[in-house]
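Student: What follows is the residue order along each chain.
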Amino acid sequence: MSDSKNSLNRREFFSYLTVGWVMFSAALAGLGSLAFRFSYPNVNFDPEMEFLAGTPGDYAAGVDERYKNAFGVWMVKAEGRLVALSNICTHLGCIPTWLPSELKFKCPCHGSGYYMSGVNFEGPAPRPLERYRISLQPDGKIKVDKTKVFRAEKGEWDNPDAFLTV
Amino acid sequence: MLKALINQLADPIISFPIATLAFWWMIKYYRFFGSKKFGMWALIVSIPVVAWFFADPNFYLIIKTPDNVPIGILLILVCFFTWFSLHKAAVNDERIEQGLVPIEALPENREKVWSWPNLVYTELFAIIACTAFLVIWAIIFKAPLEEPANPTWAPNPAKAPWYFLGLQEMLVYFDPWMAGVVLPGLVVAGLIAIPYIDTNPKGNGYFTFMERKWAIISFLYGWLVLWVYLIIVGVFFRGPNWTFYGPFEYWDLHKVVAEYNINLSEFIWIKGLGIGMPKNLILREIFGILLTFAYVGIIPVWVAKATKIGRKFYEDMGSIRYYIFMFLFITMMSLPIKMVLRWLFSLKYIVALPEWELNL
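Chain order of the listed sequences is A and B.
Heads up: the first sequence runs through residues 19 to 184, numbered per our numbering.
Heads up: the second sequence runs through residues 216 to 575, numbered per our numbering.
So that you can see chain B by itself, here it is in the shape it has in the complex (with noise of 0.2 Å):
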């Protein structure tokens, strides 16, 4: 009965929205959940609620797997780390409120000491734990060793290694390039460009909510809905033929989803004007290319001259900073957009140029 709901609900086109407004909470009220009466109480109910997910025997079966071990980790790291900065952030804006100093700044906190032998000596120590950590997991995790590789047949479902599985679940909605190569690609140079776009020195040496308050929801939303929770999706929720299925769905090689995707073009040129697709490539995708340079061209002149929050930034980065920031937040923006209107519309690609491998 439970694990029926929980099943239903696991559904991206309902858990992507309750992840996402959870993250929101989680951000509006981070005091509460930074507190460390929180953290208590969440560990204390969540040991009985996984002793429960383990408990069942298809649940089980995926997370033995030995490849999904360290999910588990990534899983328990990222939910003790968020709510650690949280916790740390309270607590300094709270002092910061008062008037006071963050606690890193405190004398006490500020003396120095030299690097050799401190560091360098802790740092020896984390060597020597990792690698014993790595050979003990080598040791009782024997990599899955299959027959030979066959170039005609593929396995049901095929998955990536664990960390690619968010990756792989992005290109389930974007053209092999586009989250292939430029995606991934935009992300790397984007996490490279953050210290040259973000100069703003609030927040060096100290945690902080308050004073970094968009820098921090926006990393944040990128890294824990749009990677963490893809990745949950990718491991738990897709089984063979790539279908959904909840964490406690037995993996039927048979089930049926009716997925009918179509494109854009289709949607106006066949179902709203009831006319039938122009000859002409750029004339039948031409409201998928006007729309997309509307997203990436309009928007953000739009956000910099209407809003007020826009006008702010604009004024605190400067033009270049600025049009950099929002080519590479629209973009990020852009999947969680793709995935709602592929769920609710089964739209497919707002521009489809097979004959030119060109697809958005």
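Extracted from the complex, chain A is given alone in its bound form (with noise of 0.2 Å):
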């Protein structure tokens, strides 16, 4: 070992390469995670999946969009029942429109048609809207669960979670 000034022997280099390897897989795996982080979005504005929808007497008969644009639910109260039907058309996930002069919903994408009930009857949806879970709090409040859908073609729209008897 003369000239060891200048030289490594085996053990020295070894435990540069460990250390460097370390390293280098701990750079390598902090920006994967940063990577992966990124592909998440920073601000979610989706619509939350639970929410409050005020008390049963704050509705009058027919179609209520106040809830509409921040939660994607329309409050239908028709025949006794008061339903959270989504605003999603089942034939493209369009948003349809509600036309009060006509009673139904129409869809701006393929002109899909939906009565009050959310029942489709002209272009092409297969199937009508979808009902959320609706409940009422113990405080008198209505609270909604889009986490949970009731689909009538299934016959699951007289489930007791998909309405209130108001």
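Watch out, some of these pointers could steer you wrong.
FRET-style restraints, in silico, Cβ to Cβ [to be verified]:
| # | chain 1 | residue 1 | chain 2 | residue 2 | range |
| --- | --- | --- | --- | --- | --- |
| 1 | A | Glu174 | B | Gly533 | 28 to 36 Å |
| 2 | A | Gly48 | B | Leu360 | 33 to 41 Å |
| 3 | A | Asn60 | B | Leu435 | 45 to 53 Å |
| 4 | B | Ile355 | A | Val40 | 53 to 61 Å |
| 5 | B | Lys357 | A | Phe54 | 32 to 40 Å |
| 6 | A | Asp179 | B | Gly533 | 54 to 62 Å |
| 7 | A | Phe54 | B | Ile233 | 53 to 61 Å |
| 8 | A | Phe54 | B | Ser534 | 25 to 33 Å |
| 9 | B | Phe348 | A | Glu120 | 41 to 49 Å |
| 10 | B | Met492 | A | Ser119 | 31 to 39 Å |
| 11 | A | Glu120 | B | Ile291 | 34 to 42 Å |
| 12 | A | Ser119 | B | Asn365 | 17 to 25 Å |
| 13 | A | Ser119 | B | Asn273 | 43 to 51 Å |
Simulated coverage check for chain A against chain B, where a stretch passes if three residues somewhere in it have a Cβ under 8 Å from a Cβ of chain B [claimed, not checked]:
| # | segment |
| --- | --- |
| 14 | 86-92 |
| 15 | 137-144 |
Don't read these hints as lab results, they were simulated from the structure.
Please read all numbers here as calculations on a predicted model, not as lab measurements.
Don't be surprised by glycine CBs; every beta carbon is placed ideally from N, CA and C.
Using the hints, put the two standalone chains together into the complex.
Tutor: Set out below in structure tokens:
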């Protein structure tokens, strides 16, 4: 080992290599995790999945649009039932418009039409609009839970969670 | 008066048969439509007609939208190139009938040149010209910036980019799975498959119609009527709530059109037999399922056995090619068939199984 001053021995070489490799892996992992984080949005503009929708007395018969822009839900009161209707067209997921003079929902993308109840009757929509879980809290407020949907063609609209009797 | 008539004729119930008939006449009398005289007169007549269209405020509102400028270019190019190819084919077919070779096979046209520089220079200039054109276009027509996206609101009407409006029009008649995935996939697969299905060497390197009748008819029908025509419908005839409006009609948000649609199963079980819908899903849709199987499975076999043209195709192509071709062809024809059924009978779906997300 005469020239050990300017060359590494085997042990030194491996210890340097280990330190370097660990740092390289750590940097790569840090970069990877940053890139992974980057793929998620900083701010989420999606509507909340659960919200309080006033009290049953707030609603007149017919379609109520006050929670449509914030939560994507029409509150529809008809035939003694209050339901939370999804505003997503069952054809391709556009947002229909409520036409008060014609008493129907009409989709601007392919012309699907729905009655006030959400049942499809014109255009290509293959099934009725979905309804969300709706319940009355002990303090008298209505809670709408969009994580649970009820589909008419599966016979789920008569489920007690799918409507409020008013 | 004339505008009201055009507004009525534009309704696809009328304009689709007109487009199909016009296509058929164009093919049948292609020598007349492909003549230089017709081309001149069509150009002379079309200029004042187009000016008259532009003078209408409602039509001008649609055509002046920056998004719709490519439509004008597309229509001009489609008209010109269709006429141009018919013209070339008509000239060559006449020469072939007289026992002469096509123009492209004349000695002076068979002279060979080097691809460098002849081809590469042409390509270079084409690239430069295209880039300059796109840059100038991008400067003149600004991309419309709208408000931030809102997941609980959609513009009315919500239109796809102009080149997809034919697809969007298809979606009105089909289930999203069919019109959004299966049919476009088959269009792409079918176009790729053309050279393997159609191995006829006639028409390679020269224009002709008589020697390639069926290939040209089926391609041009799919392109001109089922694609370009549907784009025209989507651009000019669809307004708020995706309702039909004539080209000169004001887009009134409250135009009421009754479009009550029902499924084939309801037609048969409720209106035809007068009994309710069966609970069993398969039994409920059995007629539509049988019809679909007959359409896809029996028609190709019947055509191959019973018709003259079908026997000829079957012999020329062999069974595998023939059945692939027929499958693609009848899939393509299902689009006009479904559209006509919707307009005539308000038929929504032939097989309607929303429980399984399957509708045909």
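Student: Could you run down the list of hints and mark each one as holding or not?
Tutor: Results for each hint:
With their beta carbons about 52 Å apart, A/Glu174 and B/Gly533 fall outside the hinted range of 28 to 36 Å. Hint check: A/Gly48 to B/Leu360, Cβ distance near 36 Å, so the stated range 33 to 41 Å holds. In this structure the hint that A/Asn60 and B/Leu435 lie 45 to 53 Å apart at CB holds, the actual value being about 51 Å. Checked against the hint of 53 to 61 Å, the pair B/Ile355 and A/Val40 passes, with Cβ atoms roughly 57 Å apart.
Checked against the given bound of 32 to 40 Å, the beta carbons of B/Lys357 and A/Phe54, roughly 36 Å apart, stay inside it. The beta-carbon spacing between A/Asp179 and B/Gly533, approximately 60 Å, falls within the hinted interval of 54 to 62 Å. Taken as a hint, the range 53 to 61 Å holds for the pair A/Phe54 and B/Ile233, whose Cβ atoms sit roughly 57 Å apart. Judged by the Cβ atoms, the range 25 to 33 Å given for A/Phe54 and B/Ser534 is violated: they are separated by roughly 53 Å.
Hint check: B/Phe348 to A/Glu120, Cβ distance near 45 Å, so the stated range 41 to 49 Å holds. A hinted range of 31 to 39 Å for the beta carbons of B/Met492 and A/Ser119 is consistent with their spacing of about 32 Å. As the Cβ distance of A/Glu120 to B/Ile291 is approximately 39 Å, the hint placing it in 34 to 42 Å holds. For the pair A/Ser119 and B/Asn365, the supplied restraint of 17 to 25 Å holds, since their beta-carbon distance comes to about 24 Å.
Separated by about 22 Å at the C-beta atoms, A/Ser119 and B/Asn273 break the suggested range of 43 to 51 Å. Counting residues of the segment 86-92 of chain A whose C-beta lies closer than 8 Å to any C-beta of chain B gives 5; at least three are required, and the coverage claim holds. Given as covered by chain B, the segment 137-144 of chain A passes the check, having 5 residues with a CB less than 8 Å from a CB of that chain where 3 are the minimum.
When the structure is compared with the earlier hints, violations turn up for hints 1, 8 and 13 and for no others.
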